Each structure stands twice: as C-alpha cells, then as structure tokens.
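A.B. asks: Chain residues, written in single-letter form:
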Amino acid sequence: MIRGLDILHLFGLLGSAVFAFSGALEAGRKKMDVFGAIVVALVTALGGGTLRDLLLPGKPVFWVTDPQPVIAATVVAVLTFYTFRPLGTASRRALLIADAAGLAFFTVLGVEKSLACGISPLISVMMGTITGVVGGIIRDILCNTIPMVLQREIYATASLAGGVMYLCLGPLHLIPAERTVIAILTVFLLRLLALRLNLALPKPPEGRDSAEGL
Amino acid sequence: MIRGLDILHLFGLLGSAVFAFSGALEAGRKKMDVFGAIVVALVTALGGGTLRDLLLPGKPVFWVTDPQPVIAATVVAVLTFYTFRPLGTASRRALLIADAAGLAFFTVLGVEKSLACGISPLISVMMGTITGVVGGIIRDILCNTIPMVLQREIYATASLAGGVMYLCLGPLHLIPAERTVIAILTVFLLRLLALRLNLALPKPPEGRDSAEGL
Amino acid sequence: MIRGLDILHLFGLLGSAVFAFSGALEAGRKKMDVFGAIVVALVTALGGGTLRDLLLPGKPVFWVTDPQPVIAATVVAVLTFYTFRPLGTASRRALLIADAAGLAFFTVLGVEKSLACGISPLISVMMGTITGVVGGIIRDILCNTIPMVLQREIYATASLAGGVMYLCLGPLHLIPAERTVIAILTVFLLRLLALRLNLALPKPPEGRDSAEGL
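Protein chains in written order, with the working numbering: chain A, 82 to 295; chain B, 82 to 295; chain C, 82 to 295.
FYI, nobody ran anything at the bench for these hints, they're computed from the structure.
This structure is a prediction, so every number in the text was calculated from the model and none was measured.
Take the hints with a grain of salt, since some may be wrong.
[Said to hold, decoys possible] Subject to a maximum C-alpha distance of 25 Å in a straight line, what follows is the list of computed DSS-like cross-link-like pairs (lysine-lysine):
1. A/Lys140 <-> C/Lys140
2. C/Lys140 <-> B/Lys140
3. A/Lys140 <-> B/Lys140
Isolated chain A, as found in the complex:
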C-alpha cells in the first residue's frame, strides 16, 4: 500500500524537477550560463514552497533541513542546460507544459500543507496558489519576461480551481493519494486546455484610457 506521506514527498520532488526544468529552459533561452541556469532553476523550484513555509506559523523552510529538492533541482538544471536543444517553438511549448505540471503539483501540496497547519480553507487555497505561482513569477522576473500569471490566460485560475476541487473532494472520503492526484490533474488539465484553446479571462471593460500600453 502506498502511504500518503510518501506520495506527498514524491510529488514535491516531481514538482521541483519540472519547475527546475522550466527554469533552466528559460535561462537557456535567455543565453545565461550554466550557473545562471542553476540559480533560475533553484528559485523556480524552491520559491513558492519557501514563501509558503515562511508564511505558515512555526514551519521550518522545507529545503533548509532536507537538501533533496535542492539536489534534484540542480541535477535537472545541469542536465537540461547541456542536453536540451530545442529549435523554434519547441522550447516554448516544453516550457509551458513543465510550468503547468509544476503549478499543479505545488498548488495541491501547498493546500495540503496549509490545512495540516490548521489554516482556514480560504487561506489554504490561497497558500496553494502562492506555492504554485511564486516560483514561476520569480523565474520570469529574473529572466525579464512578463510573468505568466499576469498574462490574460487561465493560470492562477487553474490553480485556484484545483485548490477548491481539493476542498470539495474532502467529504467524499477518498484515499488521500486519490484526492491529491485528482486535484493535481484538475490544475494541469485546466491549464493545458486553456493553452490549447487559447482561453482567456474577459478583458477589462471598454472606456479605460487606452493610450498607455504595458
């Protein structure tokens, strides 16, 4: 039988790996060197969970006492930097898929860890979204691109939907791992669907001053 805790730990490492991949990829696209790639990969992989642990009362930051995610992210970053050579739009697509997976893993882990700390459901869902999006935001700021979360696409929305889905599954008494996996898939598939269908949230209403661009 698979224990819930092992699954959580595994999913945490998986999330770190895919976010590290996305960070190293973006760093490579921006012509950074291998250390730049490692730095960007580490902040992408660790950023969201670090902020979550700082915000949760009395929590040590997860990677400070357990170097596994740091090692995993570094290895993935180096491998990505030296082996991945996509041309044209392929790297952009790989980046978007890895980012969606990281968003999904980290959102659900953030919700679970916050609820386990006795935080209210509303704030726990918010913590999940923080865990999911902050790493990618720092990655994009360091790489000087507009953060994905701020673009007019279903991004934070997918993360929030996954958090709410996790809460809604509570009364169904599923095996913990099932609940986790369903919520992760909710975020991941919603995000991919949004990318595929080019879904976006509605624009701001007309009539605003349109002279100023971004």
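Starting from the structure of chain A, add chains B and C where the hints point.
C.D. replies: For chains B and C alone, coordinates are given in the frame of chain A:
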C-alpha cells in the same frame, strides 16, 4: 468610547482597501485581466505588512490567521476592476491619492506594531516605512513601472516623517487613537502636498557621469 | 588576542558598508535622490542577511534587534551620495570592487552562521551564496539593471568556491579568524581575477534557438 485596538484593526482594513484599490487601478491601466487585478491588489494590500510580520520576531503573518484583509482586498479589487473607468489623467490621480492613503495607514500601523514588539524606536520607524512602501513597490514591479518610492519625490520621506511624528507625540499622553490619527494625517498630507507642489528632494550633485539614463 | 565573535561582527559591518557603498553608487548613477540612494543602500546591505535569517529556523533577523548595520549603511549611503563624483568608467569600477568585497564578506558570514545553526554543509554553502548575492540582486532589480549574478561572469561561482574553501579549511584547525579571512580572500580575489581576465563560464551549447534575445 472607541478602543485603541478596534481603531487599529479598522485602520488596517482601510489601508488594505485603499492599497487594493490602487493595485487594481494600476492593473487595469496595464490591461491585465480580473485575476491579474486581484493578484496585484492582494500583494499591494498585504505585501508591506507581510514583510513586517516576517521580520518581527515571533509574529504570525497577520492575514494567515485572519482572512478579513484578504476578503476586503479581493472585493475592492473586483469592484474597482469592473466599475472604475476613468479617462485620461483621472486614474493616475486616483491612484496617487489612494497610494498616499495606504502609505499613511500602513506606516503608522507598522510603527505601532513594532514598538509593541519591544523593537527600538529607530528600527520601529524603519519598520513603519517598510510596511508603508513595500506593497507599492511590488505593485509597481509587477506592473513594470518605476516604483514610486524611487522617484525623486517626497515619498519614503513622508513615511519617515510620520513615524518620527508618532514617536514625538509619545510624551504628550494623547489618547492612542488621536496619536495614531495625527501621525496618519502627517504622512498623507505631506505626500499630497509634495504631489501638489511638485516637491522633490535635491538632485545628486553635478559632475556625475550623465551619459547613462535610467 | 582577537576573539572570533568580534571579528565576525566587524566583518558584518564591513560587508554592510561596502554593499551600502555599491548601492548608493548605483543609485547615484541612476539619478535617484538621496532617499532613493539610502533605500537602495539599505536593501543591498541588509537583503542577503535578512533572507538568510528568515530561512534559518528560529533566527531573529540580525538588524531588527541591533540597529548598528542600519546606521552604518545609512551613513555610508549619505556620504557616498554627497561626496563621490566619479566620471566615466571610474564609478563602474568602484562599484564592481565594492560589490566583490561585499560578496566575499557576506558569503563567509552566511556559511558560518548556517553551520552554527546546525545546517548541513551543502545547504550552508548555499546559504552563504544567498547571503552574498541577494542584496546585489535586489539592488540591480531596483536600479533596473541586469543582476550581476545572472551575467556570464564568475560571480555566484566565486561565492560557492569561497564556501567550499571554508568547509575544506575545517580539518586544518586554524584560528577561526584565519579560516574566515582565507575564505573571504578566496571569494574576493576570484571575483577580481574574473573581472580582470574577463573570465566567463562556457556559453550554452550551439543549436539553441538564437532568434530571441534578452
């Protein structure tokens, strides 16, 4: 009789509301969607107080255990996004006034909370300024504009003056709420005066290399 | 006899001073006012150590309980702002040297403080690098230049090398101050050497999509 604690709580919510307004306004000016507006509103409303609580020893972060400011900021962000349609310079002016009010509320709350933690007056004034300016700095970085605090205007100066005013009022034995309100008005009016009169701190001395712009 | 703790405290103040100098210099180059210079100097001087103390379990943030580094950084910022008027490339060179010194002091202090908290050697070296580079990263983001750490130069690498050197000196049973000084010089000289010889880490392999610039 109005109790000091209720006033503080009320002023905290007011500060969150005006900063959320300023964040949603700026997000709308930058053509973000409604979720981008909520994100920017939340970080503007919560950013300064969050950093203050992280820095103060043994403090839980205020909104993690009490969702009220989160709810207030979200509601204000959504209302602002869908109803506020200023043209031309009106939105810029509303933004500056809301930002000045948020700066004022949060500066004084930051000073009070730090002193209550037994922090020295010098660092407490600095904590007040951090509480006041950090939310706006993150808002401006997310919206890709130069942070107001770094522009050559009386901004951090107004915040510092309010903190010093709060300290100076100590020996006068006012009712706590009076002391708070006077210090808040000091920041707010100084900031508005600076905007009105186009006051600025002195430029750096001549002779610097002027080839590089911002 | 010089006690280890006094040396650490002294090096901490020295690190704050050179980073404050680098921050005020960069702010002056960007035509900020004196308060902008103080803000940039403070975040450069305090940023890395603040993040380190937040990440280390149960540590108060160093400057919150001891205003000395704040005062030192502020004084240096004001003096730099009003007296330093380099022309041409001189300010750029002074900035690079001060930044290298700050990187060296803070890296080694970060490693020492983390080891003293019982953190594993691997993560302690990483904490040293965080302490060394984060202040400069925030400085560069606030001043809207590409963070030095992300440019293709030996920067984080010098910091990591100093941290590893500090660990390797452990079994030699030196006087603590000697070990500290040797590790500091390792970072500083490596960084200066890299600047002098224009050393850089290898570029990403060819074949990447080169159409997108930074």
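A.B. asks: Given the hinted pair C/Lys140 and B/Lys140, is their Cα-Cα distance within 25 Å?
C.D. replies: Holds: C/Lys140 and B/Lys140 sit about 13 Å apart, inside 25 Å.
A.B. asks: Are A/Lys140 and B/Lys140 close enough, with their CA atoms no more than 25 Å apart?
C.D. replies: Holds. A/Lys140 to B/Lys140 sits at ~12 Å (cutoff 25 Å).
A.B. asks: A/Lys140 and C/Lys140: Cα distance at most 25 Å?
C.D. replies: The hint holds at about 13 Å.
Against the hints set out earlier in the document, no violation occurs for any number.
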